[in-house]
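Chemist: Construct the complete structure from the given sequences, taking the supplied hints into account.
Top to bottom, those sequences are chains E and C.
Using numbering that gives the first Met the number 0, you'd call the opening residue of the first sequence number 0 and step up by one each time.
Using numbering that gives the first Met the number 0, you'd call the opening residue of the second sequence number 0 and step up by one each time.
Worth flagging that the hints you see were computed from the coordinates, not collected in a lab.
Keep in mind it's a predicted model, so treat the numbers as computed, not measured.
One should not assume that every hint holds.
[Stated by the list, open to error] The calculated DSSO-like cross-link candidates involving lysine-lysine, where the alpha carbons are at most 27 angstroms apart (straight line), are: (1) K439(C) x K30(E); (2) K191(E) x K50(C); (3) K238(C) x K30(E); (4) K65(E) x K238(C); (5) K263(C) x K191(E); (6) K206(E) x K50(C); (7) K206(E) x K164(C); (8) K439(C) x K52(E); (9) K272(C) x K68(C); (10) K329(C) x K365(C); (11) K365(C) x K30(E); (12) K191(E) x K253(C); (13) K50(C) x K34(E); (14) K68(C) x K317(C); (15) K166(E) x K164(C).
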Amino acid sequence: MQPFSKHTGIVLPLDRVNVDTDQMVPKQFLKLQTKQGYGRVLFYDWRYLPGDKPNPEFILNWPRYKGASVLLARAGFGCGSSREHAPWAIADYGFRVIVAPNYADIFYSNCFMSGILPVRLPEAQIDELFRRAEQQEGYSLTADLPAQTITDESGLNYRFEIDEFRKHVLLEGLDEIGITLKYAPRIAEYEKSHQPGATMYSPVDAKYSPNR
Amino acid sequence: MNPRTMYRKIWEAHLVREAPGEPSLIYIDRHLIHEVTSPQAFAGLRAAGRKVRRPDLTFAVMDHSVPTKDRNLPILDTAAAGQFDALARSCREAGITLFDMFSRNQGIVHVIGPELGLTQPGQTIVCGDSHTSTHGAFGTLSFGIGTSEVEHVLATQCMQQYESKTMHIVVNGKRGKGVSAKDIILAIIGKIGIGGGAGHVFEYAGEAIRALSMDGRMTVCNMSIEGGARAGMIAPDDKTFAYLEGRPYIPRRKEFQEAVQSWKALTTDSGAKFDATVEIDASALAPQVTWGTNPGMVTGVTGRVPDPGSFRDPDDQKAVARALAYMDLKPGTALVDVPVDRVFIGSCTNSRMNDLRAAARVVAGKHISKNLKGALVVPGSMIVKSEAEAEGLDKIFMDAGFEWRDAGCSMCLGMNPDILLPGERAASTSNRNFEGRQGKDSRTHLVSPIMAAAAAIAGHFVDVREWNVEAPE
Chain E
0 MQPFSKHTGI VLPLDRVNVD TDQMVPKQFL KLQTKQGYGR VLFYDWRYLP GDKPNPEFIL
60 NWPRYKGASV LLARAGFGCG SSREHAPWAI ADYGFRVIVA PNYADIFYSN CFMSGILPVR
120 LPEAQIDELF RRAEQQEGYS LTADLPAQTI TDESGLNYRF EIDEFRKHVL LEGLDEIGIT
180 LKYAPRIAEY EKSHQPGATM YSPVDAKYSP NR
Chain C
0 MNPRTMYRKI WEAHLVREAP GEPSLIYIDR HLIHEVTSPQ AFAGLRAAGR KVRRPDLTFA
60 VMDHSVPTKD RNLPILDTAA AGQFDALARS CREAGITLFD MFSRNQGIVH VIGPELGLTQ
120 PGQTIVCGDS HTSTHGAFGT LSFGIGTSEV EHVLATQCMQ QYESKTMHIV VNGKRGKGVS
180 AKDIILAIIG KIGIGGGAGH VFEYAGEAIR ALSMDGRMTV CNMSIEGGAR AGMIAPDDKT
240 FAYLEGRPYI PRRKEFQEAV QSWKALTTDS GAKFDATVEI DASALAPQVT WGTNPGMVTG
300 VTGRVPDPGS FRDPDDQKAV ARALAYMDLK PGTALVDVPV DRVFIGSCTN SRMNDLRAAA
360 RVVAGKHISK NLKGALVVPG SMIVKSEAEA EGLDKIFMDA GFEWRDAGCS MCLGMNPDIL
420 LPGERAASTS NRNFEGRQGK DSRTHLVSPI MAAAAAIAGH FVDVREWNVE APE
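Modeler: Spelled out as structure tokens, the structure:
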């Protein structure tokens, strides 16, 4: 997983509450078998007119936000479906940081798997960031994970809280499965003492079943 | 011993490792998988040279992309076909039980789990699908996960998780006639908002919850995620044990009796503390209808489409205005005056026998409105389908002008041929009404099965209490 330490980028102010993951990646794009290539379809229904022509009214298509890599959002970002395709699309598009008051739980966890830093800041600070981003063309922010700060070029400096473990995993770009597998003996111990199982007592119409 | 919540009991029983400042490692009893969120997980496993640790605790089904008719014909959607092939190949390689498109036990993953008796009180259950909370109706800790976590569970049979806060949602009183389990959960979400449960696991309790059948409890738990919760659960009781007895993966005879004794011990101890409590009076509830573009934008059927200006928060005002524009609804419009183009009865929320029986009672001897472009009934599983046919429900629906289909997720999320066309408005028994959910530019109103059935007959929403019909038990 791509490690994250510090990132500076142009801010895209997405000024809507409760942006759900169906908007980030509509269902027809969930049929791919890869993790790559979703950036093209991020916010598809808002972003494109019929015939896949970019919708000039949608903020992602405005020239001043070309190359944006910091997504500024409102409350409830990532609500709805657990589809991890949503953060894949956000990362594939080029966003490395999201800044919002709060996120849906599953989406928040999924961000870390894609090397995206999801920052939580109080509503009043988010309001200020929206004001600055909308007023100033090319407005950019720096997210510093070790220092846990969001700063801009005009002296703004906000500290954010983040769970120590998640911070460590993101800083090091650690493989979460590798971490867990280090505890394989403990897992085996649990299995021995608890004997989790799924015995089949009457037949079912299934293939490849190992259960008896 | 300190009094513990059911959540805490299940959590502690599954702890493999905990350490300060780190997420805990918890063991997963059941890993349910389907074709949409698993391909990348299996690919990742292969790429890393890892194997599935417990194929015997992993169960797969094809449900999201399956066609609900003409299943014997070649799948036209090559991408979906690719996903089915990938799932079949991965299951064959790992020795994972697969309920494929032609299995007699196939259906929506959250319908077949309990139906097969895979879902058992006290378990931890995960699936790459947010409505995994459905299984909480049996007193389990069940939650949705993303594809990376699917890969993690395949490789380790564990999850890294922080313990959640708990919210006690107590629903007292008796539901009025015509008020369903669906209305209870929609009203809860309307009250707390779609982010209200963030960071929490819900435990639903109270007289009205106890009075629900297992089908009704599954409906309530199903939409916990829509209230922002990590999971939702209901303590098991005699109804739970009666539902499970005799199902394929449920122990028999003496072992069953022993299991029941241990399941009874799961209930929250008296005196256990919850981090938050919400109380709802079921007797005050009306049948609910969503008017907006998230499940929290909901009101009683006798209500009206709200005015954006009536919301205090400017962000909410903007969101409501946007929602009304998308839904093509004017403030002040009575919900009963809103016409529908299509009706969908199905989804993991409401597609079980009680839902279908109640909807059939509404439409028996009647016909769908000539204003409707179509109406669909999609049983939650092939078992539900055959049981419904044995009771003649299929004939009742078809005589009334509904299409009767094979089991799958169908029009809930339109990943298969069942979608709404742009601009169409549907009464749907599913769980999400986001923009474009059922088809680009389509308009979804979430309702209970009997409300959907009544809307199909009338051609617009009606207060089904005036029709003197019973809600699903």
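Chemist: Hints first: check each against the structure and report whether it holds.
Modeler: Status of each hint after checking the structure:
1. K439(C) x K30(E): holds, 17 angstroms
2. K191(E) x K50(C): Between K191(E) and K50(C) the Cα gap is close to 20 angstroms, so the pair holds against 27 angstroms.
3. K238(C) x K30(E): violated, 39 angstroms
4. K65(E) x K238(C): Cα-Cα ~58 angstroms, so violated.
5. K263(C) x K191(E): Within the cut-off at roughly 24 angstroms; holds.
6. K206(E) x K50(C): OK: K206(E) and K50(C) at ~19 angstroms, within 27 angstroms.
7. K206(E) x K164(C): violated, 39 angstroms
8. K439(C) x K52(E): holds, 16 angstroms
9. K272(C) x K68(C): violated, 49 angstroms
10. K329(C) x K365(C): violated, 31 angstroms
11. K365(C) x K30(E): violated, 39 angstroms
12. K191(E) x K253(C): Holds, at roughly 23 angstroms.
13. K50(C) x K34(E): holds, 20 angstroms
14. K68(C) x K317(C): Given that 27 angstroms is the threshold and the Cα spacing comes to 41 angstroms, the pair is violated.
15. K166(E) x K164(C): holds, 21 angstroms
In the structure shown, a violation is registered for the earlier hints numbered 3, 4, 7, 9, 10, 11 and 14, in ascending order.
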